[in-house]
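If you use mature numbering (1 follows the signal peptide of the UniProt record, and there is no 0), the sequence shown corresponds to residues -20 to -1, 1 to 723, in order.
Don't read these hints as lab results, they were simulated from the structure. Cβ coordinates follow ideal geometry from the N, Cα and C atoms, glycine included. Treat the hints loosely; a few may be bogus.
[Stated by the list, open to error] Computed list of lysine to any residue pairs in SDA-like fashion (alpha-carbon distance at most 25 Å, straight line): (1) Lys429 x Arg499; (2) Lys319 x Tyr426; (3) Lys114 x Ser196; (4) Lys172 x Val209; (5) Lys429 x Trp498; (6) Lys679 x Thr695; (7) Lys284 x Thr664; (8) Lys181 x Asp352; (9) Lys476 x Arg402.
[Unchecked claim] DEER-style ranges, computed between Cβ atoms: (10) Leu682 x Pro597: 18 to 26 Å; (11) Val235 x Ala104: 51 to 59 Å; (12) Ala104 x Asp318: 46 to 54 Å; (13) Ala160 x Thr500: 37 to 45 Å; (14) Thr500 x Thr100: 50 to 58 Å; (15) Ala160 x Gln480: 55 to 63 Å; (16) Lys546 x Thr605: 18 to 26 Å; (17) Ala104 x Pro142: 17 to 25 Å; (18) Gly669 x Pro484: 21 to 29 Å; (19) Thr500 x Arg402: 48 to 56 Å; (20) Glu2 x Thr688: 28 to 36 Å.
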Amino acid sequence: MTRISIFTFVCFIFFTGAHAQEPLTPYVNPLIGSAGHGHVFVGANVPFGAAQLGPVNIFEGWDWCSGYNYSSNTIIGFAHTHLSGTGIGDLNDIVIMPGTGAPVLAKGTKENPNEGYLSTFSHANEIARPGYYKVLLDKYNIQAELTTTARVGFHQYTFKKPYEKPHVLVDLIEGIGWDAPVEAYIRQVDDKTLVGYRFSKGWSSDQRQYFAIKLSHPVASVALYDSAVAAGNKPETKGKRIQAVLSFRDIPGEVLKIKVGLSPVSFENALQNIESELPGWDFTATAKAADTQWNNELSKVRIKGPEETKKVFYTALYHTMIAPSLFNDVNGDYRGTDKKVYTKAPFTNYTTFSLWDTYRAYHPLYTLVHGDRVPDIINTFLAIYQQQGKLPVWHLMGSETNTMLGYHAVPVIVDAYLKGYRGFDVNLAYEAVKQSAMQKTEGINYVQKLRYIPADSMVESVAKGLEYAIDDACIARMAKALGKKEDYEYFSKRAKLYTQYFDPKTRFMRGKLSNGQWRTPFDPIASKHREDDYAEGNAWQYTWLVSHDAPGLIKLFGSREAFLSKLDSLFTIASDLGHGSSPDISGLIGQYAHGNEPGHHTTYLYAYAGVPYKTAPLIRKITSTFYTSKPDGLCGNEDVGQMSAWYILSALGFYSVNPADGQYVFGSPLVDHAIIQTSGKPFTLDVVGNSAENIYIQKMELNGKAYTKSFIRHTDLTAGGTLKIYMGKTPSKWGTNKNDIPQ
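My request is simple: use the sequences and hints to build the entire structure.
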C-alpha cells in the first residue's frame, strides 16, 4: 500500500467514525423485568428524567404497579409518570390516547375492549429501546411513537388511511393502583396549546403535577368533561374526573405530534420547560439525543463478555438510572415536602427514593460511577429533612410515604461523606442523621435506651432492630470522623444491639418478649406478611442481616465452623415458606431469597469466615437463574434499581456488603474485561480464563503486584489502575489468610 493510500485509509477510518466506541444502547432491552414480579417501567425517558412516558395496560393487580406488564395486550393510553420496580402502584399522570371515529370517554374492559377507548396491541408490533417506544394500536390502526427530554414527553402518532374523525383523549382521571385524582384542571390557551394540572392522592399522599400540551396541528374543537358530563362551551374546567377530547378536521401528512411539559410547580413552568428543552418538532432528532444521553451514561462502565451477559448487564445499568428522577424545573424551581415552592434552588432536586432497598448496593454504585449526582442527592435529602422534620424514608413526588423500616438515608449520607464527597452542609448532614436515630417512633425509643425492641410491643421487631443497628453503625462512623467521641461511643453500643435478638440455642435471630423470653411457638421458615417479627422474610433470611459487623455475627455462633454450617444450610434447606408469606419473598435457593433485598449481601459473608471461594458457585447460580434477557428476567421487584445494582457489582466481581465502610467483597466476576469510569480515575478490570467452568478466583494482581485480599477498597478503585483476576475450575487458597479477610 502506498503512502497516499495509507493516508487516505486512515482519513477514511477517522472521518467515518469507525474509531468511535461501540454504542451500548443496542444491548438494553427495557422489556426485561416487565413480566412476572419485575414491575419495571416500560416506555421512553432519558437518564434520571422527570418525564417517563409509556404505555398503560388495564390494571389487573399487583404485577401492574408500573402500569405495564408483558402479559397484557391492552393499552388505555400513554402516561407521563411511572414507577419502576416498586411493590405499590402510583402515578400514571396525564394519560393521552389517540383515536378515530366517534370519541368514547369510558376506557372499556379487558373482557369487552370494544366498549371503550382502549386498544389491543401485539408485541410483534412493539419496539422498546432506551429513549424510544413504538407500538401499533390495533383498534385505530395508529402507530404510536414516544420519546422524551428530561421534562417533556414527545408523542408522534401516525394515522394510517383510511380514517375518520381523528381525535386525542386527554384523561386526567386515570392513575395506577392506589392513585386517584383529588382535583384536576384543564384550559385551552389557543388552537395548539392547553395547560392544566392533576392533583392526586395515592401512595404519595399529596401529588401535584402541572402540565402544558403543545400540538403540531390546530384542533378543530376541544370538548371538556367532568365525570363524563360536558362542561359546555367553556375554554376551561375544574373538577375531580376531568377529560378532554381534542378533535381534528384532518391530520396533515397523517402525522400528529404532541409535546407535554411537566412541572411540580406551575403550568407556566411546564411551558418554559418545553421552550427550553424542546423548542422544535424534530421527533427523530429528539429520540437520537435521548439515545446519546443513554450511551453516555452507560459508557461509564464498558465491559467485554458473552452477549447474554452484556444484554443483562447493560439493561441492569439502564434500570439503575430510571430513578432518582428530576423533581424541579429548568429554572431550578421545585415544590418541597412542605408544599411550598422553592425558586431557583442551588442544587438539582430529585424524587423517588426507595431507601430500604437502595442503600445496600444502588447508592454505593452511585458513589463509584455517578459521583456527579451524589452531592445533589444528599442536598435533596437535607432539604427534605428541613421541610418535613426528618430525613426521607421512602420519598415520592414531594410526599413521605413512610414505607418500610429503618432510617436508611443515613448510610447513604455517611457513605458519601466518608468517601470524600462534599458540596453539602456537613454539619446539617450530621444533625439530620443523628436526629433520625433519636425519634420516638417504630421502636427507636427502646433502642435509645440500649434495649432490644420487645416483640409484643410491635410487629417486625427483629427486622427493625437489625436495620437500626446498621444505620447506627454508620452514625458512629461519621461521629468518629468528625471527632464526636461521646456520640461515637453511644452509637457504637447501639450498633451492637443486634446481638440481643440472637438465640444461641436455635442460632436464629428471634423475637424477644418484654419479659425477656423468646416468642413461642417459633418456626424459622414461617413468614406472615406484616404479622410477625420480620419484614417480608423469615428467621432463616434475617439471621444474616448484620452487614455492618460480619465478624461479630460469626462470633455469635460460637465458632467459625458453626457459622459456616448454618450458612451452608441456608442454601440447601427446603424452599417452602408456607401459606400467607409475602410475594416479595421470591428467587429462592433453599431459604435464601434473592428477590428481596435484606439477603443481598448474604452470599458474600463467606469471605469474612475465610472461605471466599464458597461465594463463587452461588453468584453464578443466582446470576444465571434469576437474571436473564427474557421479559421475566428478574425474580422479584426491581425495587427502583437495587436488584440491578446487585447484578452490576456482582458481574464486575465484587459487592458492597457493608454499605458504608468503603469496601467491596470479591465473589466471581462474570465479565472478561471492564473499564469503569469511576468518580476518580478510570479503573480497568481484566479477567483471565473466565468461563462457565472457571468460576473460582485463583490469584490477583493490582497494578502488576500480587493482591491477596478478598476485598478491595473504594479508594483503590477511584485511584485508577488495573486489577487482573485469574480464574480456575477449582477453589484456591486465595483470600483465605487471616490478613486477607475483610473486617
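Against the structure, the hints come out as follows:
no.	hint	result
1	Lys429 x Arg499	holds (21 Å)
2	Lys319 x Tyr426	violated (33 Å)
3	Lys114 x Ser196	holds (19 Å)
4	Lys172 x Val209	holds (24 Å)
5	Lys429 x Trp498	holds (20 Å)
6	Lys679 x Thr695	holds (21 Å)
7	Lys284 x Thr664	holds (12 Å)
8	Lys181 x Asp352	violated (33 Å)
9	Lys476 x Arg402	violated (29 Å)
10	Leu682 x Pro597: 18 to 26 Å	holds (25 Å)
11	Val235 x Ala104: 51 to 59 Å	violated (23 Å)
12	Ala104 x Asp318: 46 to 54 Å	holds (49 Å)
13	Ala160 x Thr500: 37 to 45 Å	holds (43 Å)
14	Thr500 x Thr100: 50 to 58 Å	holds (54 Å)
15	Ala160 x Gln480: 55 to 63 Å	violated (43 Å)
16	Lys546 x Thr605: 18 to 26 Å	holds (23 Å)
17	Ala104 x Pro142: 17 to 25 Å	holds (23 Å)
18	Gly669 x Pro484: 21 to 29 Å	violated (43 Å)
19	Thr500 x Arg402: 48 to 56 Å	holds (51 Å)
20	Glu2 x Thr688: 28 to 36 Å	holds (34 Å)
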